[in-house]
Amino acid sequence: MITDANITVEDLGTIKIVHITGQLDESNIDEKIQAIYKLVEANPKNLNLIYDLESLEYMNSKSIGYLTDLYGKITESGGKVAIAKAKPNIFDILQVVGLTQLIPCFDSTELAKNSFGPATPAAPVAAATTPATPAPAPAVPPTPATPAPSPEVPAPAPVAPSTPIPAPVAPVVPQPPAQQ
Amino acid sequence: MENNLPSTAPTRITITLPTNAYFMSGIRDFTLTMIKNTTNFPEKWAFRFQSVVDELCNNAIEYGSAPGSEIRITFVCVKDDYLEIDVEDTGTGKVKMTKEMIEKLYHDRKEPSYVFSGIRGRGLVKIIGEWSDEISFKDRPEGGLIVSVKKYLKNARQTDTLPVSNTQPQTILIN
Numbered sequence: 073m074i075t076d077a078n079i080t081v082e083d084l085g086t087i088k089i090v091h092i093t094g095q096l097d098e099s100n101i102d103e104k105i106q107a108i109y110k111l112v113e114a115n116p117k118n119l120n121l122i123y124d125l126e127s128l129e130y131m132n133s134k135s136i137g138y139l140t141d142l143y144g145k146i147t148e149s150g151g152k153v154a155i156a157k158a159k160p161n162i163f164d165i166l167q168v169v170g171l172t173q174l175i176p177c178f179d180s181t182e183l184a185k186n187s188f189g190p191a192t193p194a195a196p197v198a199a200a201t202t203p204a205t206p207a208p209a210p211a212v213p214p215t216p217a218t219p220a221p222s223p224e225v226p227a228p229a230p231v232a233p234s235t236p237i238p239a240p241v242a243p244v245v246p247q248p249p250a251q252q
Numbered sequence: 003m004e005n006n007l008p009s010t011a012p013t014r015i016t017i018t019l020p021t022n023a024y025f026m027s028g029i030r031d032f033t034l035t036m037i038k039n040t041t042n043f044p045e046k047w048a049f050r051f052q053s054v055v056d057e058l059c060n061n062a063i064e065y066g067s068a069p070g071s072e073i074r075i076t077f078v079c080v081k082d083d084y085l086e087i088d089v090e091d092t093g094t095g096k097v098k099m100t101k102e103m104i105e106k107l108y109h110d111r112k113e114p115s116y117v118f119s120g121i122r123g124r125g126l127v128k129i130i131g132e133w134s135d136e137i138s139f140k141d142r143p144e145g146g147l148i149v150s151v152k153k154y155l156k157n158a159r160q161t162d163t164l165p166v167s168n169t170q171p172q173t174i175l176i177n
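Protein chains in written order, with the working numbering: chain A, 73 to 252; chain B, 3 to 177.
If you are wondering where the hints come from, they were derived from the structure by calculation, not from laboratory data.
Misleading hints may appear alongside valid ones.
What the hints assert, rightly or not - Dumping the calculated DSS-like pairs for lysine-lysine here, alpha-carbon to alpha-carbon at most 25 Å: (1) A/K159 - B/K101; (2) A/K159 - B/K38; (3) A/K159 - A/K117; (4) B/K106 - B/K152; (5) B/K152 - B/K112; (6) B/K152 - B/K38.
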């Protein structure tokens, strides 16, 4: 039961609009995000990309990690990124993780397009909606653009036999704040 | 659906799941509906706790409980007071963490100088930590961890609407 999500790319010449619908979560993000990595690979220079999030219902922190990584790859090669039409709950989560400080957000794709400045003369204007071909999930997630060390997890330990969680028998005693 | 329980009586719901992310869509739906219908938290916080629960469970599934094992989610709500969510793993997963280890990891990542550079790692501090009033970690006697978060209604009501995106870009900060 993989959560429903879809990523399609609309090619406007120098600007690509990535339409993301459904819910991006742990069950599907590694596969779905490959459509955008393929787009970036196919447009290695000066890619102007808009994420249309109008029909995106949910995204988790890993999805945001991928968007941050893609932002690094695109801007390092002279491109620009914008977000358009995010629902309030999506904008809320983008904001709390700080992505709105990196990527400007707009209420419409037109405003997002305008933020990129005038189009280059060579840009074709015909819009064509092309479904992106999902690629198999990579064995290893794409390397982050910023090569800083990530203390995400310590060294893996052997997997021990499963220990069932016993049924709860006592009411929860509220814990004192540990870190905040 | 109206919650007619006395406001001081805790409502307690426990869900045990196999270690599999495929169930999380249903858990998110349940969280959203439960908070909207049985608490007086503003809608914004129903969406926020949907993310908090998802991130807690994803961590437990990814690191704390092995495939074939399980995780447990417990919701405790005292109407007009607080919502608490506990997520337990069995400690059989690929990363052996003690209370002290995860407290240090959490503390380190809360430092302003910490740079989140990988695909993963934002959930615990940036979402769970930011959207909770209290967070605590406990070792389970049988092995594994319990991560507990708590949100008080009085704090949640200080702002009760979701943000809206800007028509103008915000300040762009690049390291």
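Item to check | Hinted pair A/K159 and A/K117, Cα distance within 25 Å | outcome: Since the Cα atoms of A/K159 and A/K117 sit roughly 30 Å apart, the hinted pair is violated (cutoff 25 Å).
Next on the checklist: Need the status of pair B/K152, B/K112: alpha-carbon distance at most 25 Å?
Outcome noted: holds, 18 Å
Next on the checklist: Does B/K38 sit within 25 Å of A/K159, going by the straight-line distance between their CA atoms?
Outcome noted: Holds - the C-alpha atoms of B/K38 and A/K159 are around 18 Å apart, at most 25 Å.
Item to check | Proposed proximity, B/K101 with A/K159 (alpha carbon, max 25 Å) | outcome: Answer violated: A/K159 to B/K101 is near 36 Å, above 25 Å.
Next on the checklist: For a C-alpha distance cap of 25 Å, please report whether B/K106 and B/K152 respect it.
Outcome noted: holds, 20 Å
Checklist entry - Are B/K152 and B/K38 close enough, with their CA atoms no more than 25 Å apart? => result Measuring from Cα to Cα gives roughly 17 Å; hence the hint holds.
Taken one by one, the earlier hints fail for this structure at numbers 1 and 3, listed in ascending order.
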